[in-house]
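Trainee: Given chain A's structure and the hints, the job is docking chain B onto it.
From first to last, the protein sequence lines are chains A and B. Each residue of the first sequence is one higher than the one before, counting from 2 in the working numbering. Each residue of the second sequence is one higher than the one before, counting from 50 in the working numbering.
Do not take every clue at face value.
Across the chosen pairs, the derived CB separations fall in these ranges [stated by the list, open to error]:
no., chain 1, residue 1, chain 2, residue 2, range
1, A, P91, B, D206, 20 to 26 Å
2, A, G95, B, G64, 54 to 60 Å
3, B, N142, A, N77, 52 to 58 Å
4, B, G152, A, A26, 44 to 50 Å
5, B, G143, A, T162, 44 to 50 Å
To be clear about the criterion: a stretch of chain B counts as covered by chain A if any three or more of its residues have a C-beta under 8 Å from a C-beta of chain A, and this derived list gives those stretches [to be verified]:
no., stretch
6, 55–67
7, 106–119
Keep in mind that the hints were calculated from the coordinates and are not lab data. Glycine included, each C-beta is placed from N, C-alpha and C at the ideal position.
Here are the chains, one letter per residue:
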Amino acid sequence: MAILTADGVLFPDNTELTAGFRIIAVRFAYDATAITSSVQRSAQFLNCEVTMPPTDSNNSRYLIMGESNIDDTNQNTCGADLELWVGVTPPGGGTETTHWVSRPGTHSHYWGGNTNDKYWQLKNFHIDDGATTTTISQGQTRRYRAYGNNHNNNVNFGAGTNTDAGPRHKLIVIEFDGGLI
Amino acid sequence: MATTLGATGLTLPTGGEILRGATLRSLRWTSTTSATQTAQAANNVYMSMEVTMPPAASDTSIFLCHLKSNFDDSNSATRGCGLSLWVEQDDGNGNQQWVSRQGEHCYYNTGSFNVYWHIHHTILDTGTLNSSATGNTPAVRAGDQRRYRVYNLQNNDNMISNKNGITNQSGASGLLMVLELDGSFLLDGYN
Chain A
2 MAILTADGVL FPDNTELTAG FRIIAVRFAY DATAITSSVQ RSAQFLNCEV TMPPTDSNNS
62 RYLIMGESNI DDTNQNTCGA DLELWVGVTP PGGGTETTHW VSRPGTHSHY WGGNTNDKYW
122 QLKNFHIDDG ATTTTISQGQ TRRYRAYGNN HNNNVNFGAG TNTDAGPRHK LIVIEFDGGL
182 I
Chain B
50 MATTLGATGL TLPTGGEILR GATLRSLRWT STTSATQTAQ AANNVYMSME VTMPPAASDT
110 SIFLCHLKSN FDDSNSATRG CGLSLWVEQD DGNGNQQWVS RQGEHCYYNT GSFNVYWHIH
170 HTILDTGTLN SSATGNTPAV RAGDQRRYRV YNLQNNDNMI SNKNGITNQS GASGLLMVLE
230 LDGSFLLDGY N
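The shape of chain A in the complex, shown without the other chains:
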């Protein structure tokens, strides 16, 4: 027979269902706007922002996934990346601090000296554990955003790709319980 324990349920085969092994929250933002005003080496907001519920515990960790379709405007040398950003407000309010979670770099996806027409679907995927942002603590409000950045002033984000349907920019954030760590 299963038994109740201090933090969950222990089953006869010694598997457990505990309070620690769960997803706390999932938030997402999708957008289909073509962004044609991106300036080289300057982060361009991709209209995807999510505000997570107050952080569950000091041990929470955040998985962040972003995506955007891009096109070069002049069939020339081009490069771009998709960057993940977070704004953190202390528990109870106060001044928000902002941080980059991950910036692969404006020519992390790049083709130089090539005059062919190029389209890419940029992706980024990262875990915010507070190490490069700010320490995660219970009750904070963490606001995540997706940005695009380009290297040669010739990239449109959210580009149409002829047969595409649905969003052209995506941001998904999952808060994991610290018991997983």
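Mentor: Same frame as chain A, now just chain B:
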């Protein structure tokens, strides 16, 4: 109706159930800024990313793996590469296998251009044996630990992985994340 505790989970007053299966077990990750910034032979190149999972919760655990890295060609000539994921199970039998290799032509083009790629790879390691379609990794065994590593293959001896110094870059140039899931997430017979 009260909440009842059964052999496989909790049954709630609404009739809903919370079962022992379909839970997350553990999450591990590593990131690096340690570039392998030398030209390498067209061979399996270790990329300084390794995670060791806690002992598997059950024989049916499955592992969702995601890896990424920045790549640059060193000579602006024909180039190709792909990420690879390797696993070893600490079961005393030296069980180690490739979970997945994208292949050295997965990202590839010819010609004299300067090229950078930001490459991602996602794979679900189900511990399936004898099936080329779903990988060929050691069968998962409760209590055994799995150790994952990231490698790359390249086609033309001219790729640099975990590349740093990219304009506006900040943070890691490579990442490996592994999430252990209860096998009950899968339909019976799926693997």
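Trainee: Tell me the hint numbers this structure goes against, listed in increasing order.
Mentor: 1, 2, 4
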